[in-house]
Amino acid sequence: MIWRVMASFLSVILILDSLPSVQAAEPVESEASCAARSLAAVDRLTDESSPVGSGVLDSVQIEISDLQLFETFFGEVLKAPLIERLDHPGKDSIRGYCYRGVLVVVRRNHESPRLAGWVQLNFAVPDVDVVQRDLEATLVESRLASLSQVERERVVRIRLKLDVRRGNRKAIRLEVFGPEGFVIGFNQYQS
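In the numbering used here, the protein residues as written are 903 to 1093.
Quick caveat, the hints were computed from the structure, so don't treat them as lab data. Model, not experiment: these values are computed from the prediction. Glycine included, every Cβ here is placed at the ideal spot set by N, Cα and C. Errors might be hidden in some of the hints.
Simulated restraints, written as ranges between beta carbons of each label pair [to be verified]:
hint, residue 1, residue 2, range
1, Val1066, Asp989, 33 to 41 Å
2, Leu984, Glu1013, 44 to 52 Å
3, Arg1068, Asp960, 32 to 40 Å
4, Glu1038, Ser967, 21 to 29 Å
5, Pro1028, Gly992, 40 to 48 Å
6, Asp994, Leu1064, 18 to 26 Å
7, Arg1068, Thr1040, 34 to 42 Å
8, Asp989, Gly1069, 35 to 43 Å
Based on the sequences and whatever the hints tell you, model everything.
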């Protein structure tokens, strides 16, 4: 069972790492644009003329225990648009965010909340420095800047690695640690 879970996480990492890179200077996708991309992906999967095995990543869903930390992480740190909000009293709360063209859905089960555990999404980017500067500027301007380091680190931590092996390639890697073991990695591959 554990191997299946690890294989699933690895699949998500490999798929996201192989997606075309998004320029950091591009504006954040609108709700309609992210929803349209998601629907287009589903349409491609159900199109009978599409070759078998040409599936695309539609979304990532994560069970969490602290919804407020994730709302802060996606809303204030990543500036990801909230495109889905569902609250089922006594059952669960669901939030869907569009981040770099991927729908990330977080769900808190009110009956038995679970920590996210280790979840990692990776994006290939042309310039890690631009991503890092943007994130740090956002943090300075956010309400997180007024929190103690311990409180801020419950929501986000950033680490830069200059020489990392990603498969058979070297990369400069920016790791953005969110709540409960959730990580977003940005890889700038070197030739």
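| Honestly, which of those hints from before does the structure not fit? | Hints 2, 3, 6 and 7 contradicted; others consistent.
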